[in-house]
Amino acid sequence: MSAKNLFLNSGFVRAPLQNGVGRYVCQLQRIVLKFCKSHGGSRGMRDFIEQDLVDFAKHHPGVVVYLKPRRHRSPVIVGEYLNGDRVWMNVHNKTHEEITKWIEVLRTQQGDIASVRLRKYQYTDHPSIQGPWTPFTFKDPELNTAELPSSKFGANNRLPMSATEQLRLMFEKQKISTKTEDLKIAE
Amino acid sequence: MSAAKRVQQWATFARTWHIFDCKWQDPYESANIIKKYLMGQHKPIYHPLNDCGDVVVCINSREIALRGDEWRKRAYFHHTGYPGGASWTLAWELHNKDPTMIIKKAVYRAMKGNLQRRHTMQRLFIYHEENVPEDIMKNVSSQIRQSRLVPTRLDHIPEEEVKQYPKVMDYPKDYVLK
Chain A
1 MSAKNLFLNS
11 GFVRAPLQNG
21 VGRYVCQLQR
31 IVLKFCKSHG
41 GSRGMRDFIE
51 QDLVDFAKHH
61 PGVVVYLKPR
71 RHRSPVIVGE
81 YLNGDRVWMN
91 VHNKTHEEIT
101 KWIEVLRTQQ
111 GDIASVRLRK
121 YQYTDHPSIQ
131 GPWTPFTFKD
141 PELNTAELPS
151 SKFGANNRLP
161 MSATEQLRLM
171 FEKQKISTKT
181 EDLKIAE
Chain B
1 MSAAKRVQQW
11 ATFARTWHIF
21 DCKWQDPYES
31 ANIIKKYLMG
41 QHKPIYHPLN
51 DCGDVVVCIN
61 SREIALRGDE
71 WRKRAYFHHT
81 GYPGGASWTL
91 AWELHNKDPT
101 MIIKKAVYRA
111 MKGNLQRRHT
121 MQRLFIYHEE
131 NVPEDIMKNV
141 SSQIRQSRLV
151 PTRLDHIPEE
161 EVKQYPKVMD
171 YPKDYVLK
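Order-wise, the sequence lines are chains A and B.
Residues in the first sequence are numbered consecutively from 1, following the UniProt record's numbering.
Residues in the second sequence are numbered consecutively from 1, following the UniProt record's numbering.
Think of the hints as simulated: they come from the structure by calculation, not from any bench.
Do not rely on the hints blindly, as some may be mistaken.
[Claimed, not checked] In silico BS3-like cross-links for lysine-lysine, where the CA-CA straight-line distance does not exceed 25 Å: (1) A:Lys175 / B:Lys167; (2) A:Lys37 / A:Lys101; (3) B:Lys138 / B:Lys43; (4) A:Lys34 / A:Lys68; (5) B:Lys112 / B:Lys173; (6) B:Lys36 / A:Lys139; (7) B:Lys104 / A:Lys179; (8) B:Lys138 / B:Lys36; (9) B:Lys36 / A:Lys152; (10) A:Lys152 / B:Lys43; (11) B:Lys23 / B:Lys73; (12) A:Lys152 / B:Lys23; (13) B:Lys163 / B:Lys173; (14) B:Lys138 / B:Lys23; (15) A:Lys101 / A:Lys34; (16) A:Lys58 / A:Lys34; (17) B:Lys138 / A:Lys152; (18) B:Lys167 / B:Lys178; (19) B:Lys23 / B:Lys104; (20) B:Lys5 / B:Lys112; (21) B:Lys97 / B:Lys43; (22) B:Lys163 / A:Lys175; (23) A:Lys120 / B:Lys5; (24) A:Lys173 / B:Lys167; (25) B:Lys5 / A:Lys173; (26) B:Lys138 / B:Lys104; (27) B:Lys43 / B:Lys73; (28) B:Lys138 / A:Lys139; (29) A:Lys120 / B:Lys43; (30) A:Lys120 / A:Lys58; (31) A:Lys139 / B:Lys173; (32) B:Lys97 / B:Lys23; (33) A:Lys101 / A:Lys68; (34) B:Lys173 / B:Lys97; (35) B:Lys97 / A:Lys139; (36) A:Lys179 / B:Lys163; (37) B:Lys138 / B:Lys163.
Hey, can you work out the whole structure from these sequences and the hints?
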């Protein structure tokens with residue numbers, strides 16, 4: 001099974017059109033608050049509407065706010081975004097403070113980000129300055145002209161030095177040092 | 001995709017042909033090395049779902065070296081599927097019948113048993129001697145390093161070199177060499 005068969009859509013961390021670099025465009029376009037006028041589950045929603053809704057609409061003139069009273073149904077917030085996403089959120093039995101926070105979340109996010117599985121936690125338009133890897137990067141240029149197979153490229157070159165080789169080197173060193181001593185005596 | 005990007009894609013996912021000399025190598029140890037190249041695990045772009053495996057050409061598979069007395073002790077099992085169809089072939093027998101089989105089975109066993117394994121094995125070429133067909137050899141552009149040093153026989157070293165090699169002592173003149 002591969003990732004494309006998963007229920008959750010995948011995506012990357014994105015900011016639409018570099019939003020906020022020059023000016024900020026609120027991505028939330030419309031918010032609909034559905035509630036019941038009499039049921040206890042909508043208590044927090046009714047409190048929010050009585051106390052904070054007018055201020056919210058005044059502070060955020062870019063967001064269209066709709067109220068939809070409906071009898072004996074649980075309260076719901078629906079947000080619609082510039083990129084066409086629609087977020088449906090049940091706020092049954094939520095308190096006034098919780099609803100204030102959730103509406104703030106809906107206002108500041110840039111789409112339905114909760115239903116996207118992030119493939120990576122970072123994103124860049126320029127993944128590499130040096131250029132992507134190819135099989136030829138970091139290759140020994142001598143390989144281009146080498147006659148393969150050759151023991152130079154095929155033998156293990158990470159083994160420690162053998163005792164025989166060490167003895168031979170010591171012998172070579174000894175030969176050189178005796179020669180220099182002879183020279184000194186001659187002087 | 002622009003032309004430059006397309007070429008970049010070809011370059012990154014280009015298949016490299018490696019050659020591996022099995023002479024004096026332990027097949028089960030070298031299978032773990034060959035496996036990495038076959039599956040593409042030596043590349044920084046490796047991912048189990050992308051097709052980045054390389055081709056490996058093994059030569060001299062007749063001259064592999066098994067550890068200890070494994071030539072006599074290791075048995076390869078086969079069952080024909082019929083009752084009484086089980087057979088156990090010793091390593092030396094199998095090697096006499098087909099000198100490429102031991103290294104092939106070693107690489108096959110080194111990889112995890114999934115749907116990809118048989119397709120990955122298609123990228124492995126094994127030759128029992130040094131002569132490789134020309135159309136295969138012309139693709140080879142890289143060599144995999146062996147894990148063990150290939151020992152040199154004394155009678156293969158030039159005589160002058162042997163004479164110049166430092167000696168700890170000389171044999172007495174009346175010493176009889178066997």
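We went through each hint and held it up to the structure:
1. The hinted pair formed by Lys175 of chain A and Lys167 of chain B meets the criterion: a straight-line CA distance of about 13 Å does not exceed 25 Å.
2. Under the criterion of a C-alpha separation no larger than 25 Å, the hint pairing Lys37 of chain A with Lys101 of chain A is consistent with the structure, at around 22 Å.
3. For the given pair, Lys138 of chain B sits about 23 Å from Lys43 of chain B by alpha-carbon distance, which is consistent with the 25 Å threshold.
4. Annotation: proposed proximity of Lys34 of chain A to Lys68 of chain A holds, straight-line Cα distance about 5 Å (limit 25 Å).
5. Proximity of Lys112 of chain B to Lys173 of chain B is assessed by CA-CA distance (about 62 Å); at most 25 Å being required, the pair is judged violated.
6. With a C-alpha separation of about 18 Å, the suggested pairing of Lys36 of chain B with Lys139 of chain A holds against the 25 Å cut-off.
7. With a CA separation close to 55 Å, the supplied pair Lys104 of chain B and Lys179 of chain A exceeds the 25 Å bound.
8. Under the criterion of a C-alpha separation no larger than 25 Å, the hint pairing Lys138 of chain B with Lys36 of chain B is consistent with the structure, at around 22 Å.
9. The hinted pair formed by Lys36 of chain B and Lys152 of chain A meets the criterion: a straight-line CA distance of about 21 Å does not exceed 25 Å.
10. Taking the CA atoms of Lys152 of chain A and Lys43 of chain B, the gap is about 22 Å. The hint holds against a cut of 25 Å.
11. Of the supplied pair hints, the one linking Lys23 of chain B and Lys73 of chain B holds, its CA atoms being roughly 21 Å apart against a limit of 25 Å.
12. Proximity of Lys152 of chain A to Lys23 of chain B is assessed by CA-CA distance (about 15 Å); at most 25 Å being required, the pair is judged to hold.
13. Annotation: proposed proximity of Lys163 of chain B to Lys173 of chain B holds, straight-line Cα distance about 17 Å (limit 25 Å).
14. With a C-alpha separation of about 21 Å, the suggested pair Lys138 of chain B and Lys23 of chain B falls inside the 25 Å cut-off, and the hint holds.
15. Between the alpha carbons of Lys101 of chain A and Lys34 of chain A the distance comes to roughly 17 Å, so the proposed pair stays at or under 25 Å and holds.
16. For the hint linking Lys58 of chain A to Lys34 of chain A, the alpha-carbon distance of about 20 Å falls within 25 Å, and the restraint holds.
17. About 19 Å separates the Cα atoms of Lys138 of chain B and Lys152 of chain A, which keeps this hinted pair within 25 Å; it holds.
18. In summary, the hint linking Lys167 of chain B to Lys178 of chain B is supported, as the alpha carbons are separated by about 19 Å, within the 25 Å threshold.
19. The suggested pairing of Lys23 of chain B with Lys104 of chain B holds, with an alpha-carbon distance near 15 Å, which does not exceed 25 Å.
20. Distance hint between Lys5 of chain B and Lys112 of chain B is unfulfilled; the C-alpha atoms sit about 34 Å from each other, more than 25 Å.
21. Restraint check: the Cα-Cα separation between Lys97 of chain B and Lys43 of chain B comes to about 36 Å, which exceeds 25 Å; the hinted pair is violated.
22. A distance of roughly 16 Å separates the Cα atoms of Lys163 of chain B and Lys175 of chain A; the hinted pair therefore holds under the 25 Å criterion.
23. Using a Cα cut-off of 25 Å, the hinted pair Lys120 of chain A and Lys5 of chain B holds, with the two alpha carbons roughly 22 Å apart.
24. Note on Lys173 of chain A and Lys167 of chain B: the hinted pairing holds, with a Cα-Cα distance of about 15 Å set against a maximum of 25 Å.
25. Distance hint between Lys5 of chain B and Lys173 of chain A is unfulfilled; the C-alpha atoms sit about 57 Å from each other, more than 25 Å.
26. Pair hint Lys138 of chain B plus Lys104 of chain B holds up; C-alpha atoms about 22 Å apart against a cutoff of 25 Å.
27. Distance hint between Lys43 of chain B and Lys73 of chain B is unfulfilled; the C-alpha atoms sit about 37 Å from each other, more than 25 Å.
28. For the hint pairing Lys138 of chain B with Lys139 of chain A, the CA-to-CA distance comes to about 19 Å; that is within 25 Å, so the pair holds.
29. Between Lys120 of chain A and Lys43 of chain B the CA atoms are separated by roughly 20 Å; this keeps the pair inside 25 Å, and the hint holds.
30. Taking the CA atoms of Lys120 of chain A and Lys58 of chain A, the gap is near 38 Å; set against the 25 Å cutoff, the hint is violated.
31. Among the hinted pairs, Lys139 of chain A with Lys173 of chain B is inconsistent with the structure: their alpha-carbon atoms are about 55 Å apart, more than 25 Å.
32. Between Lys97 of chain B and Lys23 of chain B the alpha-carbon distance is near 18 Å, which keeps this suggested pair within the 25 Å criterion.
33. For the suggested pair Lys101 of chain A and Lys68 of chain A, the alpha carbons sit about 20 Å apart, so the restraint of at most 25 Å is met.
34. At most 25 Å may separate the alpha-carbon atoms for a hinted pair to count; Lys173 of chain B and Lys97 of chain B exceed this at roughly 50 Å.
35. Using a Cα cut-off of 25 Å, the hinted pair Lys97 of chain B and Lys139 of chain A is violated, with the two alpha carbons roughly 39 Å apart.
36. For the suggested pair Lys179 of chain A and Lys163 of chain B, the alpha carbons sit about 21 Å apart, so the restraint of at most 25 Å is met.
37. The straight-line distance between the Cα atoms of Lys138 of chain B and Lys163 of chain B is roughly 40 Å, outside the 25 Å bound, and the hint therefore fails.
Going down the numbered hints, you'll see the structure goes against 5, 7, 20, 21, 25, 27, 30, 31, 34, 35 and 37, while the others check out.
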